[in-house]
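Colleague: Listed below, chain by chain, are the residues.
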Amino acid sequence: MFGLSDPWIIAAYVLTTLSVLLCVVYGIINWNKD
Amino acid sequence: MNYTLLNTIIVIYVGLIALMGYLGYRSTQSAGDYIVAGGNVNPFIMALSYGAAFISTSAIIGFGGAAGAFGMGLLWLTFFTIFVGVFIAFVFFGKRTRTMGNTLGAMTFPELMGKRYNSSFIHMFSAIVIFVFMPLYAGAVLIGAARFLETALGLNYTTSLIIFTALIAVYVTTGGIKGVMYSDALQGSIMFFGMIFLLIFTYTQLGGVTEAHTALSDMVSMVPAKLKAMGHQGWTNMPLFGSTLWWVLVSTLVLGVGIGTLAQPQLAVKFMTVKSGKSLNRACLIGGVFIFAMTGVAFIVGALSNVHFMNTEGKTALAAVGGNFDKIIPLYIKTSMPEWFAYVFMITLLAAGISTLSNLFHAMGTALGKDIYEQLNKKKNTSSRHTILFVRIGIIIGIIVSLILGYQLPISIVARATAMFFGIAAAAFLPMFMLGIYWKGITRAGASAGMVTGTFSALFWLFFVHAKEAAPLGICNAVFGKPFLISSAPWPVVDPILIGLPIALIITVIVSLLTRPLEAAHVENCFQGI
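Chains as they are written, first to last, in the working numbering: chain A, 417 to 450; chain B, 282 to 811.
Some hints here could point you the wrong way.
Unchecked claim - Below, a list of computed lysine-lysine pairs in the BS3-like style, where the Cα atoms sit at most 25 angstroms apart: (1) B:376 - A:449; (2) B:507 - B:608; (3) B:608 - B:749; (4) B:396 - B:376; (5) B:749 - B:763; (6) B:556 - B:396; (7) B:559 - B:376; (8) B:559 - A:449; (9) A:449 - B:556.
It is worth saying that the hints were derived from the structure and are not from the lab.
For reference, chain B alone in the conformation it holds in the complex (with noise of 0.2 angstroms):
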């Protein structure tokens, strides 16, 4: 190990984080700077920070690491996050959500649904369910980033989660969201560089695009019997229609986390950040490259590395890491590539985890400060330094809960909490985010009901139906004696999402059709300019 070139590289970018903190917090003056960045942030910044937060170290290095499991299927998800996280969020969400949260003068998710369906219950829910449900996904990306600066430096765990989590509490509590747009186009950019430069470089150690996948595909015989027994038919094939790989790869993997992108918070909040439709515009074209770039080319690399385990040490990559996903990536990085690549790539996916935590400690701390505290203190005059306090104080907190989830969890559950967030998400806020941008005659009433039925069916699911998160969190074996209310086939493996996002959207509906419509003039000043 060139402990003088790791340590040079760490430096600089430590240096530069900081340096991008710092001219953050220098024009941050007011709550909007601090939360909304004034809505003023040029298009590339907005479309790197937005690729930079959507985009974790759970993306690379665990569904990177899936993909060298279960296969190439996983680039329908590429697909998803480039068609539906850009093109429809950009062009479909973006623009209605911009013009209208700037209308309604709204700065976080909670607030601006609150003003849309003039409602303290949706306001208050909505960040209620951000602030209690996102430690869990920011502890699990923090457990992958400290494992990772645990593995590479040789650091012990302890060490590595508190090393790494004051590095981020430090530019989120000074910089606002201009600090934390800043630094997230710095990581955007070395983890576009990192990704590129690990596609080129495979493909030609493979001997060729073609060559490479010929490869792959002749490898089918060595599918482990498990995975086979399972559904898996190969890393160039999909896995078997129906089958419970199928299930787990379609229903959780592609559309849990591929529809969930829609109702993310801390995503939903950048579209406000920008000045005009037109930055909107050419972020799509910047974002489409740059999600291709980090999920397209985890995937396929992730798949191909089969063959290198394979020229290398005659055998697949899961049976090269001893069955371990997680570990599939960072041992393909560490005997494939050149020394000074892995410490780039080591920094990349710092970067990565770094830029998805300070969105989800913004977007908690926000909740904290700007949604539950001014709605609870709505009679009183709150100034906006009283706000910022309070955003802090929420962020402080969001990092101390993670920081103990980060303790407790076991590591294995980062892309399981990752899908489980944002099933939840979007069961609980995609019917009335979607439907409150495009329909009138949405109430007040049907958004409430559609929240709470999506809220409490997608978390019924998770806890007594769901086999990976009921049978591990024990509550449906305390309370009806068996791990899973539904045994047969292909209920356990059906993800959240499915079941509580279209209850979500029925009940909206139909309680939209049923009761009192909101006032004629709130609903025109909604839509003004849409």
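The following block holds chain A by itself, in its conformation from the complex (with noise of 0.2 angstroms):
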């Protein structure tokens, strides 16, 4: 995937991702949430 064959750096770009995107789709579900 994307030139990278080892699992453990292919499983940190995708959790990498995934928080990222738990980050941003947290933030705007609960934009207006206290």
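Quick one: dock chain against chain with the hints and give me the complex.
Modeller: If you want it as structure tokens, here you go:
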């Protein structure tokens, strides 16, 4: 995937992307919640 | 070197910093304003301020350089800094810390802990740990930033150190946390755009994402023999499981810094500056994207710099800088980016160093002025004016001690000192902080025992077992006649956080289960609104 073959490095990329998305989605959903 | 362009950029930058300090100074009227910005800071400022305080020169230069040497395994730290350092910190720690801080009227981390457990001992001990150990971290960041100024502007080291320290001293002592947070938000914005440009430019220059990664994978045969013997398997692979390099990467760089983030007093205090849980939700979005732009970009670009040096000089990044990790990112910027970007990036790095340092000095100042001074003068009626005065004295002492360390410590200490302070802070503070906001059953004795054993077990490990510190410090050698106590693998490379934190956590829980609980009314009051 994208020139990478080590599953641990791919996992780090994927988890990094997912955690950014998690922060973004959480922020949007709870934008007006206390 | 285009001095006109460089000077223009510097003058604009220093002018903006001075303006931020002035805006903070103008709106600072009370001790509350000075220490937690009156609890009324907007989420954009808070998130950028948190991020800019978190990410220092050490993260970009030190850890980015480590990625140049060790490879993309450093991306695990990016994952931890976003998932643990932002998501868990904001959602699971931030809201409860803010609510409890407000209920108890706490303005600093030691004060929050002291009031949560109704204990002067916990209050004082936490403040002392901060006041004693933080200058080490601040001194190290100071060295990194001053060395960068020295290289970039051709000034001598002493002049760089003094100019840089004076700049920070002025706005931290005048503006309080509002000045710190406003300028952090400005530094954060500069850092964000600088790093995004760096990422795009790097991938474009190397022919695209897949092409760049493939070229880096193809360099596996060029791994230096010394690193190969330690477990290095190429820059797009993790080190060999269980090897020395694997332990350094996973225990010190990824877990040590990734988990240590949760118990950083200068970051925890940011939660008490926002006006609502809503602000923290919004800050989570901004913080996640920001931290990715910092650590993600630094580590990806650090690793990919190998391809650039291979294409231009036919060697690895480490070989191009003569073996010094800290020079990889600066040299990469200098040789691959347009001149104007090199100047803007220099400002980005100084911004990162300044924002982290100003927060550290602020935390040290409040530890002395707000925590230690007020605790010692409990019976006397201390006025707000006195508190601010003693906070300023604390900041000045912190700055002087850090400046002295700036002269004394060697440059290679920067990344190590960062991990050292993160480890000690996590072992000392994390169990009582985490359980304090979640578990009503934790007792005063449990929290105290965990804090003391955590602090001392982490220090013991640093002084006597962890080879990287124990050997150069020489205390173990003086006492036991050998550089470190346990020589069998993997112990000399296991980070103190993996020893101190579990011990502290277990002790906190066991002692809490065996000792007298806190008064029920006090506990209910602490958890009001949670």
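Colleague: Does each hint fit the structure? Answer for all of them.
Modeller: Each hint tested on the structure:
For a cut-off of 25 angstroms, the pair hint linking residue 376 of chain B to residue 449 of chain A stands: about 12 angstroms separates their Cα positions. At most 25 angstroms may separate the alpha-carbon atoms for a hinted pair to count; residue 507 of chain B and residue 608 of chain B meet this at roughly 19 angstroms. A threshold of 25 angstroms between alpha carbons decides the hint, and for residue 608 of chain B with residue 749 of chain B the separation of about 20 angstroms falls inside it, so the pair holds. With a C-alpha separation of about 17 angstroms, the suggested pair residue 396 of chain B and residue 376 of chain B falls inside the 25 angstroms cut-off, and the hint holds.
At most 25 angstroms may separate the alpha-carbon atoms for a hinted pair to count; residue 749 of chain B and residue 763 of chain B meet this at roughly 14 angstroms. With a C-alpha separation of about 20 angstroms, the suggested pairing of residue 556 of chain B with residue 396 of chain B holds against the 25 angstroms cut-off. At most 25 angstroms may separate the alpha-carbon atoms for a hinted pair to count; residue 559 of chain B and residue 376 of chain B meet this at roughly 9 angstroms. For the given pair, residue 559 of chain B sits about 5 angstroms from residue 449 of chain A by alpha-carbon distance, which is consistent with the 25 angstroms threshold.
Among the hinted pairs, residue 449 of chain A with residue 556 of chain B is consistent with the structure: their alpha-carbon atoms are about 13 angstroms apart, no more than 25 angstroms.
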